[in-house]
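Number of protein chains: 2
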Amino acid sequence: MNKEIEWIRSITPTKRHQSSLKVGIGDDAAIYSDDETKETVIAVDTMVEGVHFTKDTMPLKAIGHKALAVNISDLAAMGAVPLYYLVSIAIPKSGWLTEDLNEIYAGMKTLADHWEMDLIGGDTVSIDRNLVITVTALGKVEQGKRLLRSNASPEDVVFVTGPLGHSALGLEHLLKNSHKNIDDPELLPYIKAHQWPVPQVKAGRILAETDFKVALNDISDGLASEAKEIADASNVSVEIVWDNIPKTPFIKKAPIHKQEEWILYGGEDFQLIGTISKVEWPKLKQLFKENALSIHNIGSITSGKGEVKLVRDNETIVLTKTGYHHL
Amino acid sequence: MNKEIEWIRSITPTKRHQSSLKVGIGDDAAIYSDDETKETVIAVDTMVEGVHFTKDTMPLKAIGHKALAVNISDLAAMGAVPLYYLVSIAIPKSGWLTEDLNEIYAGMKTLADHWEMDLIGGDTVSIDRNLVITVTALGKVEQGKRLLRSNASPEDVVFVTGPLGHSALGLEHLLKNSHKNIDDPELLPYIKAHQWPVPQVKAGRILAETDFKVALNDISDGLASEAKEIADASNVSVEIVWDNIPKTPFIKKAPIHKQEEWILYGGEDFQLIGTISKVEWPKLKQLFKENALSIHNIGSITSGKGEVKLVRDNETIVLTKTGYHHL
Chain A
1 MNKEIEWIRS ITPTKRHQSS LKVGIGDDAA IYSDDETKET VIAVDTMVEG VHFTKDTMPL
61 KAIGHKALAV NISDLAAMGA VPLYYLVSIA IPKSGWLTED LNEIYAGMKT LADHWEMDLI
121 GGDTVSIDRN LVITVTALGK VEQGKRLLRS NASPEDVVFV TGPLGHSALG LEHLLKNSHK
181 NIDDPELLPY IKAHQWPVPQ VKAGRILAET DFKVALNDIS DGLASEAKEI ADASNVSVEI
241 VWDNIPKTPF IKKAPIHKQE EWILYGGEDF QLIGTISKVE WPKLKQLFKE NALSIHNIGS
301 ITSGKGEVKL VRDNETIVLT KTGYHHL
Chain B
1 MNKEIEWIRS ITPTKRHQSS LKVGIGDDAA IYSDDETKET VIAVDTMVEG VHFTKDTMPL
61 KAIGHKALAV NISDLAAMGA VPLYYLVSIA IPKSGWLTED LNEIYAGMKT LADHWEMDLI
121 GGDTVSIDRN LVITVTALGK VEQGKRLLRS NASPEDVVFV TGPLGHSALG LEHLLKNSHK
181 NIDDPELLPY IKAHQWPVPQ VKAGRILAET DFKVALNDIS DGLASEAKEI ADASNVSVEI
241 VWDNIPKTPF IKKAPIHKQE EWILYGGEDF QLIGTISKVE WPKLKQLFKE NALSIHNIGS
301 ITSGKGEVKL VRDNETIVLT KTGYHHL
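From first to last, the protein sequence lines are chains A and B. By the count of UniProt numbering, the first sequence reaches residue 327 at its end, each step adding exactly one. By the count of UniProt numbering, the second sequence reaches residue 327 at its end, each step adding exactly one.
Just so you know, the hints here were simulated from the structure itself, not pulled from any lab data. Check the hints yourself; a few may be wrong.
The list treats identical chains as interchangeable, and a pair is accepted whether it falls inside one copy or across any two copies.
To be verified - List time: in silico SDA-like cross-link candidates among lysine to any residue, alpha-carbon distance up to 25 Å:
#  : residue 1 : residue 2
1  : 93        : 321
2  : 145       : 258
3  : 247       : 19
4  : 61        : 125
5  : 38        : 18
6  : 180       : 34
7  : 202       : 98
8  : 22        : 81
9  : 283       : 35
10 : 145       : 235
11 : 309       : 244
12 : 180       : 278
13 : 22        : 314
14 : 321       : 124
15 : 285       : 241
16 : 283       : 16
17 : 109       : 8
18 : 278       : 317
19 : 278       : 311
20 : 3         : 256
21 : 202       : 34
22 : 283       : 92
23 : 61        : 311
24 : 145       : 100
25 : 180       : 205
26 : 3         : 163
27 : 22        : 37
28 : 252       : 309
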């Protein structure tokens, strides 16, 4: 009991980034002051040992990093600035040392410090087996600036903020070999994409700060699934041109069915997929260039009823969230 | 996969209580508008199957009720009005039917509707075994009205809002017999206290709305532990008079060591413990009476360094969070 209290004290932040924080960890709940010019954005995600990670697929610090990163990614997809997070952790009765947990929290803290986020609360409980880590993240976005999935219109350009399929490719190798045994330099970028995803906060903020009408979603599941969510929410269809999807030479030389598996259905890349009018696309591209961020036109919105189509070799395929059929 | 999406749709609220909610479930994150006259209060708590509940100790609806209630109790202890909640659930691969989960969510919804709270987000993942349910709850309190543990001063009255030890007594019987087999009417209030805790929101609000200087804490752990938190945070000592602690005749006839176990160390009663100046105590008592709420003077604050003392039969005992020693 006393050891637990000491440990909680050891992970309690000693300094604050956000001046709006009034009460952090240490009372029944956290309190922060509000700002009427902004709206609060909130997301929660859970990672489970044996389902989302194992000690073989992820270094300890990366488990913490990723648990927070996937939530920041949700905030980024709404155009928000991340501000606060809470961590609830269920710790197995054996197999996890205090030093292991410290590493997990250190991984979160490094990412949180980068975005000046404060850890403002949490819970620590025990569980028979399987470590479970749930992060709640809060951010703010200027009123009326939110970037919803339902904002897409016919003839819009469909864009993504970076390469896809990297995390799934990396995971495929991690499931065969512990990360401690993978040192092939060609694989490392993909291993890193799985373990240390980078939430696209800056891209989300640029999109929120423009007055362009943008639909936006983060790619936590595969491209097919995320495009389908935009298509459904906006009541349009999405047409993706296979050759326009950014791919590394390493991915390009894999068999086509593997490329599809990683890119269309793999997920966990945490890039953003969005739409913007054809007229505004060149301006947006320029804006991203000025900010040293990448953005790629991978297709267009057509009138339709929630279909996602893939154009490749003069053939059009209709994708579902988990597979496809030929037209 | 599609079944999961259907299920999530089935638990997604179709109407909203709070007009400040802008985006609920269905996008990357939820969004609500802020109000500068108030501050946001946020808490998170996790309940784990086999640790906090089993199907033998709790009816399904009560699991949901309690997962939300313990969070509302944290908000109540800060004087806040509850507004929103998010639910992240890890579902074992076997042993839990969709109907079971629906019952859990129904238990949460009934309590949420009572307090006009909106379910605004969540996550659904799988786990090998042990259902894990994490609730994040948000509320608001008027600026400067927050009721911190650090507000206690020497000579203050120490009060509690209701009887203690009921949940622990109930749990003791639930661990011997499944709740389906307990029908002794004398035990039912204690079983109910464990399964269906009532967060003291109204009491918290009355305390926040007065201008009295109040320290406040909810009793999730035992009385000894919660009093110690106030003593530590306020840098004072707490003196509790055993005979002043409200006890039912049923508890009074138990051996003294059982009474102590339930009341001092049992916890999960989710009553509030607080302090207020001697001068203002009669006014507070009157205010609670007018609102048909109970409140009991159980002791006083003395100058000191974080000790919790229990006065009984002309003897003073120093309590620790988990036990005691004689002076």
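Quick rundown of the hints versus the structure:
no., hint, verdict
1, 93 x 321, "between (38 Å within a copy, 22 Å between copies)"
2, 145 x 258, "neither (38 Å within a copy, 58 Å between copies)"
3, 247 x 19, "neither (42 Å within a copy, 45 Å between copies)"
4, 61 x 125, "both (20 Å within a copy, 22 Å between copies)"
5, 38 x 18, "both (15 Å within a copy, 17 Å between copies)"
6, 180 x 34, "neither (45 Å within a copy, 46 Å between copies)"
7, 202 x 98, "neither (34 Å within a copy, 40 Å between copies)"
8, 22 x 81, "both (19 Å within a copy, 17 Å between copies)"
9, 283 x 35, "neither (31 Å within a copy, 35 Å between copies)"
10, 145 x 235, "within (21 Å within a copy, 46 Å between copies)"
11, 309 x 244, "within (14 Å within a copy, 72 Å between copies)"
12, 180 x 278, "neither (46 Å within a copy, 64 Å between copies)"
13, 22 x 314, "neither (59 Å within a copy, 42 Å between copies)"
14, 321 x 124, "between (36 Å within a copy, 17 Å between copies)"
15, 285 x 241, "within (18 Å within a copy, 71 Å between copies)"
16, 283 x 16, "neither (37 Å within a copy, 38 Å between copies)"
17, 109 x 8, "within (14 Å within a copy, 32 Å between copies)"
18, 278 x 317, "within (23 Å within a copy, 77 Å between copies)"
19, 278 x 311, "within (19 Å within a copy, 78 Å between copies)"
20, 3 x 256, "neither (53 Å within a copy, 29 Å between copies)"
21, 202 x 34, "both (23 Å within a copy, 23 Å between copies)"
22, 283 x 92, "neither (51 Å within a copy, 48 Å between copies)"
23, 61 x 311, "neither (40 Å within a copy, 49 Å between copies)"
24, 145 x 100, "neither (40 Å within a copy, 39 Å between copies)"
25, 180 x 205, "neither (36 Å within a copy, 54 Å between copies)"
26, 3 x 163, "neither (45 Å within a copy, 30 Å between copies)"
27, 22 x 37, "both (19 Å within a copy, 14 Å between copies)"
28, 252 x 309, "within (20 Å within a copy, 72 Å between copies)"
Checked against the numbered hints listed earlier, the structure breaks hints 2, 3, 6, 7, 9, 12, 13, 16, 20, 22, 23, 24, 25 and 26; every other hint is satisfied.
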